[in-house]
Amino acid sequence: MIRRHGRFAHLAAACGTALLLLSTACGGAGSGTSSGSTATAGKPVSGGTARVLQLSEPRSLDPALTGNSWVTGGFVGNALYGTLMTNDTRTGKVQFKMAESFTTEDGGRTFELKLRDGLKFTDGTPLDAAAVKFNWDRTKDPATGSYTIQEASLMASTEVVDATTLKVTMVQPVANYAQAVLSTTLNWIASPKALKAGRQAFDAKPVGAGPYTLKKWTRQASIELAKNPDYYDAPKPYLDSLTIRPALDTKQRIDTMTSGGADVAIETNWKNIAQATDTGYPTVTAPLSGGMYMAMNARRAPFDDVRARKAVAAAFDFETMKQSVYNGEGKAADTLFEKTSPFYSDIKLTQTNRDAAQKLFDELAADGKPVSFTFKTFPSTENRAMAESLQTQLSRFKNVDVKVKVVDYADNLALHATHDFDMLVSSANFIDPESRLYSAFHGESRANMSGVDDEALNAALLKGRTATSTEERNAAYKTVQERLAELVPGIFIGRSAPSAVTGKNVHGIVLYGEGSLLPEQLWIQK
Amino acid sequence: MVLPVVRRVGRSLLVVLLVTMGVTLLLSLAPGSVAEVVLGPDATPETVGAMETQLGLDQPLWGQYWDWLTAAAQGDLGNSPVTGQSVSTAIVERLPVTLQLAAMALVLALAVAVLLAVASAVRPGSPVDRLINAVSSVFLSVPAFIAGPVLIYFFALQLGWFPVTGWSPASEGIGANLRGAVLPTVAIALTEIAAFHRLLRTDLIGTLGEDFVGAARAKGVSGTYVMFRHALRPSSFSLITLAGINLGRLIGGTVIVETLFTLPGLGQLLASAITSRDVVTVQGIVVFIAVVYVMVNMLVDLSYGLIDPRVRKAAKA
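Note that the protein sequences, when read in sequence, are chains A and B. 526 is the number that the numbering used here gives the last residue of the first sequence; the numbers go up by one with no jumps. 1317 is the number that the numbering used here gives the last residue of the second sequence; the numbers go up by one with no jumps.
Just so you know, not all the hints are guaranteed correct.
Stated by the list, open to error - Examples of chain A residues toward chain B, derived with CB under 10 Å: (1) 51; (2) 57; (3) 146; (4) 147; (5) 200; (6) 202; (7) 205; (8) 245; (9) 246; (10) 256; (11) 258; (12) 409; (13) 410; (14) 414.
Quick caveat, the hints were computed from the structure, so don't treat them as lab data. The C-beta atom is built at its ideal place from N, Cα and C for all residues, glycine as well.
Make a model of the complete structure from these sequences and hints.
Structural data, given as structure tokens:
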């Protein structure tokens, strides 16, 4: 299952990436949907080096300061620190790794984390309950500056019961908190001793208990990792070493992959995934619900009037945008949940209806509220094209005016605090709706970009968070979908596609959480 | 002799000061702060405010600048609040890549431009000259962000001679290093070749019309000898000046190529520091580039005397 791991991941997703492609075939080796040739895999063999392209570079290797998703530092974090748990991206079922269990007996008010016995960091210190407590408390501390602070702050306190047992008390019941842990950097535990040495020292020599250790980090160029011979889950990892390079540019990434310059590319762009699939490169994609959306700021005019939001949503046509931005590739997010989700229902979030849109624009103009707004967008090719596509589409209508303003990353972060925007691109990607859906649309959430604050929606989101049975959650999320369709806080542009494209001889691709790629299962057929 | 050098150094220091002040001022006008980047979108205004206080960003602008300047004057360029890395270390790590690219591009551009300019100047207006001018115009009108992808398409994707992206340090093998450097070098060098060729061609044509060249020819000296011994050296003043200026510019200006080919140079570092409002890193890089730029230009001035004995004589007189 997939959830949120901080607005950073979603901001990064919206900023640097495009949407995604979901292949239909179910998949051999990986968790997620896959396409391409994976049939000849056979038994994993050890040895070799994989060259991996990732979508960004972490600013630090401190687990609290990066992100656990396909667009951030997921792969590097999994390699250095291993994972407490993972999940199956199709069923959402939690799979325990360095943790043996994470259980609640009281509907999510408290949890007990049980670790494997004998886990050790590569500096020889124990990976025990005290180490987990140190990492989790540190992530929760505002002074750390972790992008996972929202998820960590759901914990009221942590208490070491014994060497392998940690008791977690929640601020409020969160029955599915395991999903929040595994899809964020809470899933990574670093050596407290190494963290205490300070950030520069830690970045030079990060210490975890993962399948790989850092050999060399040349910033903005490459991260070289070597196999950890003491990894708990021998004979994994299969590969002797990994060379990870950032490749932010969409074209550059697919060119490097198809010219043989990489063995694995972590991918997010519809066009690239289609091109890779067409040329026979196997791809695996995590089937996320939600997606990228154009958030309309309900805190101020013109979008404080729901008619304005409905009018723009009705005027928008995803197929037109898909053609102009992604050459016709991509998948619409017309419903909140993917069909594979247990919470899926056929409630359309928005539907194109040009006549209705014009009628609403005219009505608003007659009321002295003409719809005029500025779309603030990231400078990436995709995001600019997206904004310009909406601008072009709305230019056909009367009584509506759209301006496009390009803002950079830092400016965008400031907008999250000031809310000084009419419209901007945000994202809410998840498999399990906890906790991203809550943070994206609850009235009291800081991450609620649209600012909608609806009593029924808030209650349903809270119910979905605290409910323990699937039936109760289903009912709650049905209400959430109905309220979102009624309130139109944003226009969903399309599903995100956390993917991995591999060379034809690369196997063992497994994604978990929010498209986070596991390195220990990768192997190369000789 | 000493006074002019002192004056020049003084002027250079003033240039560096003005450049760093300008950068500080410009970045202060941009929305967003480094504290927001470091703490992320979930940070509360209180934690952002606390970090801004910790970084001294709550002080008046001149106070922030003065603190930075006094530390920089003692060789401390500070630490990046984004990466936690020392700015001096970051510059030292990135410099070899940028320096190698700039130097290779400059050498390549000079070598090609000199040959083309000589070929053009032998018979101005001839078909060869017109062809070279046409090619030069094409080079001049193709910026690196166009040339890069075109080069990648033909030489990396179609022919597979070079990698699409990536950098291998020279310490890990000169072959792999050069293989990764060729396409970026060519992408940078194309416009330089055109600019150098046009300048040198014009100067050469002028020099070849001088009396001393006519006298040499009248003595029966060969055309090649006249071109390379008598005409080329006095024609290369403007070229050397431009090459010096461009070397300084390239050290800070290869950002597009570095981004396009994913090269860990100063340009990429500067670009990422600007977008994350990392003023400390930006100031450190800018002051470094400004110092290099000024020094290169001083060296260029000094080199005139080495190239042309008339300058040495004038200086002695």
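| message | Interface hint check: residue 410(A), Cβ to nearest Cβ on chain B, cutoff 10 Å. Holds or violated? | response | 3 Å, holds
| Given residue 414(A) as an interface hint, is the shortest Cβ-Cβ distance to chain B below 10 Å? | Status holds, d = 4 Å.
| task | For the hint on residue 51(A), just tell me whether its beta-carbon gets within less than 10 Å of chain B. | result | With a closest approach of 9 Å, the residue 51(A) hint holds.
| message | Does residue 205(A) hold up as a contact with chain B if the rule is Cβ-Cβ below 10 Å? | response | Cβ of residue 205(A) sits 14 Å from chain B, so the hint is violated.
| Taking the closest Cβ pair, is residue 409(A) under 10 Å from chain B? | Cβ of residue 409(A) sits 5 Å from chain B, so the hint holds.
| task | Double-check residue 202(A) for me: the hint is only fine if its C-beta lies closer than 10 Å to a C-beta in chain B. | result | 9 Å, holds
| query | Regarding the hint that residue 147(A) lies at the interface with chain B, is the smallest CB-CB distance below 10 Å? | reply | 4 Å, holds
| message | Hint residue 256(A) vs chain B: min CB-CB distance below 10 Å? | response | 4 Å, holds
| query | When the nearest CB of chain B is found for residue 258(A), is that gap smaller than 10 Å? | reply | 7 Å, holds
| said: Please check whether residue 57(A) passes as an interface residue: C-beta within 10 Å of a C-beta belonging to chain B. | reply: Result: holds, 9 Å to nearest chain B Cβ.
| message | Given a cut of 10 Å on the nearest C-beta pair, is the interface hint for residue 246(A) held or broken against chain B? | response | Hint on residue 246(A): holds, closest Cβ of chain B at ~7 Å, below 10 Å.
| message | Given residue 245(A) as an interface hint, is its Cβ closer than 10 Å to any Cβ of chain B? | response | 6 Å, holds
Of the numbered hints given earlier, the model fails hint 7 alone.
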